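J.: Sequence:
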Amino acid sequence: QVQLVESGGGLVQAGETLRLSCAASTSIYSFNAMGWYRQAPGKQRELVARITSGGSTFYADFVKGRVTFSRDNAKNTVYLQMNSLKPEDTAVYHCFAVQLNLEYWGQGTQVTVSS
Numbered sequence: 400q401v402q403l404v405e406s407g408g409g410l411v412q413a414g415e416t417l418r419l420s421c422a423a424s425t426s427i428y429s430f431n432a433m434g435w436y437r438q439a440p441g442k443q444r445e446l447v448a449r450i451t452s453g454g455s456t457f458y459a460d461f462v463k464g465r466v467t468f469s470r471d472n473a474k475n476t477v478y479l480q481m482n483s484l485k486p487e488d489t490a491v492y493h494c495f496a497v498q499l500n501l502e503y504w505g506q507g508t509q510v511t512v513s514s
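The working numbering applies: residue 400 is where the sequence shown begins, and numbers increase by one.
Treat the hints loosely; a few may be bogus.
[To be verified] Pairs of lysine-lysine, BS3-like flavour, derived with a Cα cap of 27 Å:
| hint | residue 1 | residue 2 |
| --- | --- | --- |
| 1 | K442 | K463 |
| 2 | K463 | K474 |
| 3 | K485 | K442 |
| 4 | K463 | K485 |
[As the list claims (entries may be wrong)] Derived Cβ-Cβ restraints for the label pairs, each shown as a range:
| hint | residue 1 | residue 2 | range |
| --- | --- | --- | --- |
| 5 | N482 | S429 | 26 to 32 Å |
| 6 | S455 | A413 | 19 to 25 Å |
| 7 | V497 | T416 | 36 to 42 Å |
| 8 | S455 | E415 | 26 to 32 Å |
| 9 | D460 | P440 | 30 to 36 Å |
| 10 | S429 | Q480 | 22 to 28 Å |
| 11 | Q498 | L410 | 19 to 25 Å |
| 12 | Q438 | A473 | 29 to 35 Å |
| 13 | A473 | T451 | 32 to 38 Å |
It is worth saying that the hints were derived from the structure and are not from the lab.
These figures come from a predicted structure and were not determined experimentally.
Glycine included, every Cβ here is placed at the ideal spot set by N, Cα and C.
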């Protein structure tokens, strides 16, 4: 069973930076894609960013230019660097991974941005 563990969330002020981490219990080479969704209270889940095994990245328009997705294959970890955070970025951020036809999810990490 694949496990994903997120960390790096917290309470920050608008304009500040956070780096979220997602550590996998297996080699990230085994995944077709990894990424991050977020869900704010009362709102639908949104795809934030995604990276494929080939290195192609996708960033949602609402974070484009403010976030960078990276990975450390040796540590089986992917990172989401979020800059210039806004109060509307407040949400629980979940890491996900796709392996063939299976999806795996982490428990999530809370990001709260105060104005």
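J.: All the hints need checking, so say for each whether the structure fits it.
T.: Outcome of the hint check:
no., hint, in the structure
1, K442 <-> K463, "holds, 20 Å"
2, K463 <-> K474, "holds, 26 Å"
3, K485 <-> K442, "holds, 16 Å"
4, K463 <-> K485, "holds, 13 Å"
5, N482 <-> S429: 26 to 32 Å, "holds, 30 Å"
6, S455 <-> A413: 19 to 25 Å, "violated, 31 Å"
7, V497 <-> T416: 36 to 42 Å, "violated, 28 Å"
8, S455 <-> E415: 26 to 32 Å, "holds, 29 Å"
9, D460 <-> P440: 30 to 36 Å, "violated, 22 Å"
10, S429 <-> Q480: 22 to 28 Å, "holds, 24 Å"
11, Q498 <-> L410: 19 to 25 Å, "violated, 33 Å"
12, Q438 <-> A473: 29 to 35 Å, "holds, 30 Å"
13, A473 <-> T451: 32 to 38 Å, "violated, 19 Å"
Hints 6, 7, 9, 11 and 13 from the earlier list are contradicted by this structure; the remaining hints agree with it.
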